[in-house]
Structure formats: structure tokens, C-alpha cells
Amino acid sequence: MFSSAFAQMRIRGKVTDKATGNPLPAVNVYIQGTTTGTATDANGMYSISASRNSVLVFSSVGYAQQEITVGNTTTINVALVPSATELGEVVVTALGIKREQKALGYAISTIDSKELVKVGSTNFGSALYGKASGVRISTAPGGATSAVAINIRGMNSINFSSQPLIIVDGIPIRNGEANNSGYWGDQRIRGNGLIDINPEDIQDLSILKGASASALYGSEAANGVVVITTKKGTRRQGLGVDVNYTYQWERPAFSPPFQNLYGPGYDLATNQTYFGADEDGWVYEDMDGDGTPETPRPIYRSYAQFGPAFDGRQVIGWDNKMHPYVAQPDNWNNLFRTGMNSIANVAVNKAGDFGSFRFSFTRNDYKGVQRGGDHNKNNFNVNTTLKLAKNLEFDLGVNYINQYTLNRPYKISRITNNYGGFLSRFDDAQWYLDNYQTSKGYRFRTANQPSATPDENLQYNMRATDLLDFFWRTLAQKNEEHSDRLISNMTMRWTILPGLTMRGRIANDFTDMTIEQRSPNTVPLAIGNSGGFSMSQSKYAITYGDVLFSYNKKLTDDIGLIVNAGYQARRETYKYNSAGTNGGLSTENWFHLNASVKTKNGNASYTEFLKYAFLGTASLSYKDYFFFEFTGRRESSSTLPPASNTFFYPSVNASFLFSDALNLPEAINYGKLRVAWGIVGNAPPLYAANNAFSQGAVNGIVYNSVSSSYGNDGIRPEKKKEFETGLEMKFFGNRLGFEANYYNNRIVDQILWLSVPKTVGASRMLTNIGELKNLGFEGSLYGTPFEGKDFRWDLRGNFAINRNQVVSLMEGVDQLVHSNIDAGAAMIVSEPGKPMGEIIAYLPMKNDNGDYIVDDNDGLYQIDFSEMKKVGNAMPKLVGGFGSYAEYKHFFVDFTIDYSWGGDIVSLSSQYMKGAGMFEETLQYRDAEHGGLSYYIDADGKKVQFDGDAGPGGEKVFHDGLILPGVKSDGSANDIIVSAADYYLNTFTWGANPAWGIPYSRYDDAVRKNHYVKFRELSVGYNLPKSLAQKFKCNNIRLALVGSNLFYLYRTFKDFDAETNIGTNWVNAAIVGGSTSASRSLGFSIRASF
Amino acid sequence: MKKRIYIFLVLFAGAAMVFTGCKKSELETLYPNPANSSTATVENFLTGLLKSANEVVLPWYWRFFVVEQPTQGHYTQVMGWYNSKAQYIPPAQAMDWRWDQYYNGPMTQFRVMEDLYNNLSESDQSDYRIFYLAAKIFFYDQTEQIVDLFGDIPWSDAGRVRELGDLNAALPKYDDAKTIYTTMMADLKSIGDELASIDVPAFYAGLFQSKDYLNDGDISLWQKYANSLRLRMLMRVSGTMDVAADIAEILNNPGQYPVVESNDEAILLDAGGPDLYATTKSQNGGIKQAMETWGEYDIAPYALVKHMVDNSDPRLVITFDPNVNGEYIGMNPMNDGTVQAQNLNDGLISRYDTASFTQNDYFPGFVITAAEVSFMKAEAFFKGYASGDAKVAYETGVEQSINFYYDINSTGDYREPLPRPTADEIAAYLAQPGVSWDANDNKMKLIGEQKWINTGLGQMPQTWAEYRRLGYPELEFLPDNSSEQTMPPSRWLYPQSEHELNGANYSQVAGKDDLNTKIFWDVN
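If you read the sequences in order, they're chains A and B. Letter 711 of the first sequence, counting from 1, is numbered 727 in our numbering, and no numbers are missing. Letter 238 of the second sequence, counting from 1, is numbered 229 in our numbering, and no numbers are missing.
In short, the hints are calculated from the structure, not lab data. Check the hints yourself; a few may be wrong.
[Stated by the list, open to error] Only some residues are given here: those of chain B computed to face chain A with a beta carbon under 10 Å:
{"no.": "1", "residue": "Pro23"}
{"no.": "2", "residue": "Asn24"}
{"no.": "3", "residue": "Leu40"}
{"no.": "4", "residue": "Gln84"}
{"no.": "5", "residue": "Tyr165"}
{"no.": "6", "residue": "Tyr204"}
{"no.": "7", "residue": "Asn323"}
{"no.": "8", "residue": "Pro324"}
{"no.": "9", "residue": "Gly328"}
{"no.": "10", "residue": "Glu467"}
{"no.": "11", "residue": "Leu469"}
{"no.": "12", "residue": "Pro470"}
{"no.": "13", "residue": "Thr477"}
{"no.": "14", "residue": "Ser481"}
{"no.": "15", "residue": "Leu484"}
{"no.": "16", "residue": "Pro486"}
From the three backbone atoms N, C-alpha and C, an ideal C-beta is built for every residue, glycine too.
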């Protein structure tokens, strides 16, 4: 192998960018077959000793590698070609098969590692905002620990999984859905598997969007595939060392637009009848003990804020202390804290004839804005390649992730979506922090509850006990998660003959997670049993193996053939067990099962599934400008009924490189037209199809029953058939480029839980019945408008338009209800002929002239309860992003904006808070200044419009009246005065049902347009000059101020952050609020390489 | 070198195959959900059937909050409520839930059990006979309640999708309510005959005992349950059908057709305290949550309290708590809603008794009480369907009811139970002008009122059915002129799902699907 010692000589030269002519620093220059190498300096200059017959290799990220034999010359200048122009650019496609970009007949978005680490995102998902066309990201608030949803090209399933398959170095990894909506289930915001993948270890990321691109993954690829390739060692002089550090502060952001003029209180009648308040809403207490109440207090029990105006007078607080009666404008934000996120990463790498290795360690410390939480994560990544022989390579990749999470963010729905948790405008957040537990560490007690410290009991019947409880749960209770995850893969590549290779791979993804819940005793044992302790353990394991033969042959000078054939198998198991105390802790705060008062609780379960497939591809190329490919996958799965558990997924695609085939003007550097068609599947969830008996025990008596869900032993996977075509072009020396795609898909055999009449003996049956279609355009444009010696400006933008339509549901069913909100007050439904996710609600009644009809007694709009009408749709119409990178000398500014247009969200928090008079907009009509009418109330209780200081009989004059525009039942104009409190409390409240005494409530206002343009990421920085960097023994150092989730340039929904939803399911994403506070991050980052 | 490489390759490939190796048969093994059982037994299904109706037998919050308080509790005035708009239109949520509960619960479970039973060998069928008979009795009891609410229902064809495996074939027709009653009454007669002479092998009797948590395997109690249930159905239809002979057959042959005769024999579902609530329900909390936590469902109703006060009913002090002034006053249904709210807020309205009801973890589920049977006898004797002393039966019923409620009071641990009334005190009550058999000409009014007090809020479906059939007690309602339904309805409406999903069959009964259509036995 090693050449004999020829005479060494000094070679010098300059490396430049072929496109711009600028010198290129930090280009690796090494002698092929040796470890001898150097790198170019800031001026692109290098010098190296080499022999005549040695081959110099020049390589740099973003450029095509060049190899030059030394020969006789001692000066070798090299112009490197940016890899975008390099026709041989290679992308990783399905199953780790590498293909030339130009040969691909389908759309694939690739994202470079640099894009993912710019602002210190804790996971690659949230770093993807706005960066790939047709890819919509939604992250639940809660930062490093919360799930990230990725939706590619709209919706592909009405009911089931919407998340793409995540492939890391060829291995499908655990991702999963994380949905917790509703009040009774899990209250903590969970994560999903993809957030464990460290952006620092990602070399590049490809998103396979269409059916043809992902057909090789079969039944899990209907939602697209994210293919991640991790970083490997690179050939360089010495050991490459990278050190990166990012620190960010997180602040609660986008808090609701609260009003700060009025404190707690209901409407006049309620205040007086139920609370004995005076006409202004004050209740008086006897504080000096003379038997006459003299000290005012507002009605603490009120969730509504229609009480007295803030005037600064001294009042009794619910904490039984005197406070000035003033608003607390910051009380919402003060419920939270300033969080932090620190990411430190160090990586070493090396490559040579032995192969390559890279080792990386990342430490992430995170404290979200929710009090009480803490999280840290250690991520170890090793990637090695060993050249065992000339024709045999062995790869070993190991990723070990060790995490600790204390008190994952707890849902705040009990504060935002529940009157029992409403913080009044008068409440100081600190009062809650001071009172959620007693001085002895027990849970707060209300007035008459037995207590160890009766004088600390809440004296008044106050409203937001659920907020006190929230602090008890998030601060006093401890929920600790320990998780260890090991993702490893071993790959062997054997070149059997020239052109014929075999690859074998074994991999696993194993997670072990334990959760310990410590709930302290809420009361002394003398009062009652309380508290609890539980431990649970989950183990997830994916075992994966594949073998792939590849054959690559030039059939003639013009015709090339590539054939791949292989086998793939995957087994997933999940095991869970838990045990906990029952009935409380028998010794206070002794957290052990042995403290259980009653028989301990225990539970254990397991699931397992297996999939395997035979697959193959055949590609033909003609003259390197026409390419045709066929793929096929025959897959068998244990999640499908044994009688029909094997399915075939084919695809075909072709591309035509017309820039090579035709004589085009010089301005066009690259042009490709492509077309593709394919089928992928979406299997039913594990065990959903299976029919069996339930077995349980009631007080020790074993029983059998059947559930009301009836499976289906004939179920088939949902099938997505997609056609797509696209055009890619580059112009002006690659200064400008675009890509445009059109796609059109039909998802047939939708698996639906068919509602059946209960009288048949079930309430639903799993059925292949619905059909869905999407069509869309997506495009991206990138360019470098300016480029000079010191200045460079890059722009990138993308958009995606998706039109979704439910073609059919089951016969006889014209509506599928996805979410029944507040006992039927509003619904999210799908109806044939319309896009998925129609939002419907009851609207006020109008007469034939289009006038609203008011109730003749109450003066409020009558609601038409005969029919629910469309008030919105949950699907966004247009999503995309825009980015800019500008550098001047050593300074640079980079930002990313993402946007979404069309689509509505349901904000229940807005409904309840608006009705409660929390928001600024509810000031309207409350006083003369805000348009309120003046009136007095006559002896019959009728409101009479009146200007003056006192009514004719000396009645008090109120100024919070309004007359709703509309007509009475006889057609005459409405002249009934209602008070602002009556209007808001009755119009925007929980539920809408006259039978329950909620006849005037309307939910159309809770459905809001969700257009936004968000300034998502910003990075402003400085690259240290090479000379300065070298003083620190570094090749380069980059300092930056970074920020993410910064602000909205435009938004139509302003009550909350529209992204404060929970879960990866589209229905949950359409319902905002209740997760936890959104936050904004600002910090700095240092990146250095040695 | 080469050799070693091949060895490595072979080892790697071998390891890979062992690691991921899979057989086609394994796909099949992994298909079923390990959490479910692929086999089931008749005996386990008996327990499953009983359990499937726990939530309509025992009181708990959903049954009260959503289903019964706004409807039957209101129409019979055994619960206090606020007058409001549209108050006589039963909420769809209540009607749908009760319907779905029956079909997903007892109907489906019974059909699957019946299918399992029918597939047993002949000798096994004979051994398991008692399980099947008990299941039928219980299923008929549940069915009767649904017929009483809706009238015609899908029945003989219903619940068979698992058996038939095809949805369209499983869409059931509606059976005529009267036919369902007739079928059940005839079958209960043959069950009664069979139970009179059944010989259960000891092993199966033991198994039955371990699975039957309603009557703890006491076959004689099942016999009494079956006969009493048949008697209840006969009495209910007695105004529209000539069933006197059948009634006489039961009441004149206590040897062949014994019925529930004493409080010891009452068919009750034991609530078993806070623990049983937690293990048998999806929502624990039992009657506590039903009456307190989820709103004010302990408000005393006006007429019931008044009847008790006017007649110095010994049950008053264990049924209601007094108001702030120490008086017993219920919520007046003739007052405006705001006045009612004001009165309640001022503490002027009595509440259901804390010890017997709202805080009693042992409040049982009523299935058939001795007093109910005695009142049926009283009516049968009075109307001459069978021979016996109506007065004795009536007075026995009153005494049984008083003792029954004192039994319930004694199970509570909220406060010390009150002592039972003495025989003299009961006799004094029986002499009250509104109670005395002899002092009143309108015997049916007496019986109706006592039945109403007896089933009360513990068994609202029976309370409402008998109120509709007898027209007693005489109750006043504030007409709701805001709605087309100005007065309480006579039945419930079929759920929307039947219109949409079982439309062809539904169309046959659509004409009768009105709130004011009377159930066939409702001649009043």
C-alpha cells in the first residue's frame, strides 16, 4: 500500500472558490493514502511536503473534493467547485441508499447541519421551523422535554398517525405520538422520541415527502420520512476538536391581553343575591369587632372581573391581609419564572486509512419557565468506520442518551380553561406562592376544613383554589423521570465484486425509563390519609436488521443500471410496570411502597410487533441525463390480521436533466424535470383490529366482557397513492435557484372507527372506508443577491399550499366528529366534500332581513340551536418560511421567519376569559369612557336609559349598559338595555345548551383565524479573524447572540401564543391553550474548532 | 486474511439472522392483544353482565347529574330542582346515555354470553343452566326499564353483530313494546317453574356462588327475583291486558312462585363502602359525588317533604335534613327559578339526609324491595286479581319501607344511626289521615303515594313508571310556556344514532317517536 520514499518536495498554492474567485480558508489538504495533511490559511494559502507521484486531496465542507497528482510542479492552485453545482452531489435516500441528486425523480428536502445548530435548539424538530417547504412543525411549549410534531404535506390520515417515520443512519427510531388532551388523563406534557436526537451530531437531514420517495418504507411512510445522517470523522491533519456552547434565558411570552381597570365581581344581581354585595360590588367585613361590617373586600369567589374599578383603597385580601385595591398587570407572567437552556458540546474526530471516528458529548441543562421543573441530558455519540480489508468496511455507531427530568411541565388548563383556576386581576401571583402550602408543609386548607394550623386556613371562599392546587402539584409534589436510551448500529459493507456490494446491518433503539411520583401528605395523619408514592418503569426496544445487495453496472456507454435488493426486519417491544401506594402514606412523607395504607396498587403490560419486508429498486440511466427508477416493497406485519398481513408497495419515478441534454443559455446552470408516482401505507394502530374478550375482576371476582369497540379481522392498511412532478433550476453561476413541486394524492381505504348503531351490540367498528385527497404546490427559492469581497447576502424562502378534501366517509354518515367541545357547544368534524377539520358551532338567529333577533326579556341574542354552522377550518392553507444570511467581513446576521396562513384555531381559554371580563377588549361598554350607556333600574327591575346623577326616584345610575343591535320578536328595533357583565357572562361562557340554562352562549368567537408571521430565529455574530483565532490555538471561533421564538411580525390571534397546544395529533393542534406558557429565548453561543 | 474475513461475514450474517430472525407464524402469534383474553366463559360473563349494569343500579354522579335528576327525578319530584327554560325536554345526553348503556352493557354482554352458552355441549348446558337463567332474569329486568322509557325497542334481533359478523345483517328491527313484555313475562314464568325444581350440581352451585355478587349464589333469591319481576311486569300491564289469571297464579301459589316477602329477601346490590365504589365504577365516589360534589342534587323536593311532614312520617328524619330554621321544607316547583335560587341560597330549603344519603358509602342499589312487592299485592288484592287482604298487604308494605330506610340509615357512618320506630309509632303513622287505609276511599292514591315514597330517588325508573301508570301522587308542575313541551313528557326519544345509522328500521317507529306518546301500559 505505502509508496516507497521518493524525494519529498515543498508544494505551495492557493485554494479559491471557483464561482467567486475568493480565497478559501480552512480547506483540508492531505496526501492520499497517508495521514499527512494541512489546511489553508485565511488567504487560502497552503504548503505541504509531498513526493511527485503522490496525490493531493483538497476537501472542504460545501465543496466538491478534488484530487490532483503532484507531478513536477511545486505550485498547485486549486479552484473548488461549490457542491451545489457539482452534478455528482449525493443524497441519502431510503434505506441509506445514496443517490446522485440529479438522478432523483422525486422531491427531497435536505437541510445542512449548520441550519440545525444556529440558535441552540434542543432538538432538530424545533430547528426545522420554516426551513423545508411543505414541512409544518409544531412544538408544545415546555422546551427541551416537550413533543415536537412534524407534518409533511398536509394530512394523510383522518384518525391515525400523522407523524413521519424518523430514520437515523438507516435505522427507524422510536418516535411516537404524544397527546394528552382532556382533563382526566395525564396532566404532564410529554415528549416524543425524536427530541432525543441531538442536532449537534447531525451531518445532514433529508425529508422524503412524497409517496414515491418513501415507498421503500412501506406501511409507516404515509406521513413522509425524515432521514438523518449523523456526523462522521473527517480526514484532516491531527485530531479535529469542536467545542460549542450555547446559553439562553427563557422568559414567558405572548401573555394574554388582560384588562387592568376592574377587579373581581359578577353582574349586579349575582353580586347582591349570592354575596350580599352593595351596588358597586363591595362586600363589607367587620374587622374591628364592633359588630358592624366596615372594611370592604371584593368578591373573591368570582371568576369574573366585573367588580369595582381599581381605586387603590385599602381592602382585605383573601389572604386576610390588607392590600391596596390595584390591578396586578404582571400577575400572569409572575406565575412563571425565567428559565434557562444551556448546551455544551465537545466533539473530536479523525479519519485516515484505518477508517474514521467521531466522538461527541453534549450536555444540556434546561429549566423551563414553569416553576418547579428541572431537566438535564447527557448525550454521547460515537461513530466509527473500520476498514477491515480493501473490500470490507465495518461501521459502529452508538448514541447513548441519559436524561433526568424533574417535574415535567404540568398542563395549565386548570388555570386557563377552568373557572376554578382563574387568577383575578387583583390577585398577586406571590399570594398563591405564599399560600399553596401551610407553614408546616401541608396543602392549603379552606375555611372550614380541619387543619393543623386553623389560623392559616383560607378565610374567604376564594376562586382560584385550582391555581393553589397547581402550585401544590408542581412545587410540592415531585415527579422524577430517569431515562436511558441507547441507539446503536453495526453495519458491514462488503464489496464482493466491482459493482456488486452487500451491506448487512443490525441495530437497536432501547429506552429504559423510570418515573417516581412523590406526593407529600396534604394533611396530618390525625386528620386523614393522604399523599402517595408510585414508581413505574417502561422499556421500549426496537431491534432492526437488514441486508441489501447493490449492483451497479454500465450496460453500454450510455446506459447505466443500478439494482438494489434486500430484506428488512424490525421488532418493537414495549414493557411497562408500575406499583404505587393506595389510600395514602401511613407515615408522613415516607415515600415507599411499604407506606401504603391499603393494598398496594400494581400494574404491568406489554406489547410487541414485528414487521419484515423484501424490497428492491431498479434504476436505469441514459447518458446521465435521463433517469428512470422502479421500487417495490413486499411487507408483512403482525399488526394486520393474519389472513391479510402482507402488502405490496410500488413506485416509479423519472427525471430528465434538460440542462445537460439540451443546449440552454449560459445563464442556466442546472435544470431538471421530474415525475413520480407511488403507493405507501399507513397501518392501523397496534391491536386495534383484534377482537377479544376483556377480562378483569370486581372485588376479586373474575369477569369477562366485550368492549363496545368491535375490531376487524379483515382490516387493510390505509393506502396513499401519490403523483408528483417537479422542476429544479439554477441560474447565474448558481447565484439563484428554485425548486417547485406539484403533488396530488388520494388516500384510500382510510381506517375509520365506523360508528354503528349501539343496537347491533357495539358502538364502533374498525373499517376501511373513507377516502381523503390532497393536492398541493410547494416551492423554494434561494439565491445570493449580493456577493463581494467583504459582503455577502443569501436569501432563502419557501412556501407550501395544501388543499385537503375528505372525499368520502362511510355511507349514511355525513359527519365524523373529531372533537366534541364543551358538551356539544362546538365541534371539530370532517364532512365529505370539505377539508378535514371543519369547526362548527351555533350562531345567533337572524330574521329574513338579516337582523339579529334578541330575546324579548333578556335583550341578548337568541341562538339558533337547530343547526350547527361552519365557523372555521383547522387546516392551514399556506405555510412556509423565509431566511436571510448576511455577512460583512467578520460579522454576520442570520434570521428565520416562518409563517402560516389560513386555518382556524379554537381557543377555549379566550371563550372563558372573555366571558369573565379578563381581557382588555371586554372593557367595551363597562363605563361611559368605553361606550357604556347610562341607566337606572326602576322598581320593576327594568333598566331605563337615563342621563343624570340619580334616577327619578333617587336610584343609582349605572354606566355599563348596552343595547345589542337587532330586533325583538315583533320585528321592532331592540331597545332592551343589558349590563356589560350580563352580556359578557352570558354570551361567552362554558357550554351552549338552553336545556342547561345556557341559552345565549356562542362559540363562534372562540374560533379565531390563525394567520401569523413569526420571527422565529435570530443569530447575530462575529467570526474571529483567523490570526486571532489561532492565538487561542483554534482554526476558527464564532461568537453569536442567538434568540428564538422572538416575536410575531403579524398575527391575527393575540390572546395566547397560537402554538400553546398539546400533542402531535392535528385535532389537538387545533385547540389552543392549556398547555403551559409560551416562552421566548435569548442568549449567546460560542463555536470553536481546533 | 481472506479466510478470516469470510468467517467474520458468516458470523455477522448468522448473528443478524438470530437477532432479527422471524417466521411467518410469528406474525400470527403477535397479532392478538396480550391484554385481552381470547377465551371467555359463561360463568365469567355472568359477573360481566352484572357489572355492566352497576352504573344504572348503584347511584353515582353521572347517573344522577346527567341522566336521572334532569328527567325522572324531576318528573316524579323526588329531587328538588330549579325551574328553567325547556325543562321538560329531556336532554339528549341523558336519553342517549341510558340507551347506549343498555345496548353496550346488558344487551351486548347477554348476547355474547348466550352465544357462548348455546355453543356448549348438551351436558355442559345443563350444568351451566343456573348461570344462563340468572343472566336472563337480570337482562329482562334491565330490558323492562328500557321499554318503560322508550316503548318499542330493537330487542330480539339486537346485539348480534359479533354473532353475525356483518353489520348490515345485524341492523335490528324494532319490536313492539307489548310483545317484548309478553315474551319476557312468558319466559319468566317458565324460569320460575324451572327454578322451583332446579337441581344444580354442587360444583356448579359453588361456582355460581363465587360469580354471583348480586345474590351471592342464593338460588332461592333468584327464584324470588324472577317471580317478583314477573309480578311487577304483570301489574304494569294489568290495565291494558287481561293478566289477572297470571297474577293469581303467582300470588296464590307461593310454594311454586315465591316472591320477595321481607326486607331480608330484598334484591339489593351491595354498595360495599368506599372501596367497592372504587373498583366497580369508572368514576368512584358513589352517592357522595352524585349528590354533593357535582352540584346540588341533594335539594329536598316539595311534595315529598310535605307528605311526610303532614303525616308525621317516621322516615322524615332519616330522609331529610331540616333547613336553617329547623323546618322541613322542600323546593317549591311552583316558584319562579330565581325565587327558588334565593330560597336555597338563604338556607330555607331542606336537603336529603346526610347520614342516610349524601355521605353514605353503603347506600345500596335497589333492584326489588319487599315493600314494592307488598304494594303490588295490595293493588292486586284490591283490584281482585288475586285473593288476599289488600289492607294487610298495604300496611305490611309501609312497615317494610320504614324499616328498609332505617336499615339504610344504620349503614351510614356519618353520624349515629337513629333508633327504629317502634310498632306503636308505625301504627300511629298508619292511622294518619293521609295514610290510613280505612280513612281513605281512594285506595290507589294511598298505594301510589307509598310506592312513590318507597322507590323514591333510589329507583327513579320505577318511580316514574308507576307515577305514569297510576297517576299518583298528584303533582303540580309550573308550565313552561317558552317551550312546546309545557309539561313533563310521557316517554323518551330515540337517539339520533338510530335515525342515522339504523334508519330503515327506525322509520317503522318514527311516528311514535314523540315525547308525549304513551307507553302501551300507560292508561292513566
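Hints and how they fare:
1. Pro23: Holds - the Cβ of Pro23/B comes within 10 Å of chain A, reaching about 5 Å at its closest.
2. Asn24: holds (4 Å)
3. Leu40: At 8 Å from the nearest chain A Cβ, Leu40/B passes the 10 Å test, so the hint holds.
4. Gln84: Holds, because the Cβ-Cβ distance from Gln84/B to chain A comes to roughly 7 Å (cut-off 10 Å).
5. Tyr165: At about 9 Å, which falls below the 10 Å cut-off, the nearest Cβ of chain A leaves the hint on Tyr165/B intact, so it holds.
6. Tyr204: holds (6 Å)
7. Asn323: Status violated, d = 18 Å.
8. Pro324: violated (16 Å)
9. Gly328: This interface hint holds because 8 Å falls under the 10 Å limit.
10. Glu467: Violated, because the Cβ-Cβ distance from Glu467/B to chain A comes to roughly 21 Å (cut-off 10 Å).
11. Leu469: Violated, because the Cβ-Cβ distance from Leu469/B to chain A comes to roughly 15 Å (cut-off 10 Å).
12. Pro470: With Cβ-Cβ at 17 Å, over 10 Å, it is violated.
13. Thr477: violated (15 Å)
14. Ser481: violated (18 Å)
15. Leu484: Not OK, violated: Leu484/B not within 10 Å of chain A, min 13 Å.
16. Pro486: Holds. Min distance 8 Å.
Taken one by one, the earlier hints fail for this structure at numbers 7, 8, 10, 11, 12, 13, 14, 15, listed in ascending order.
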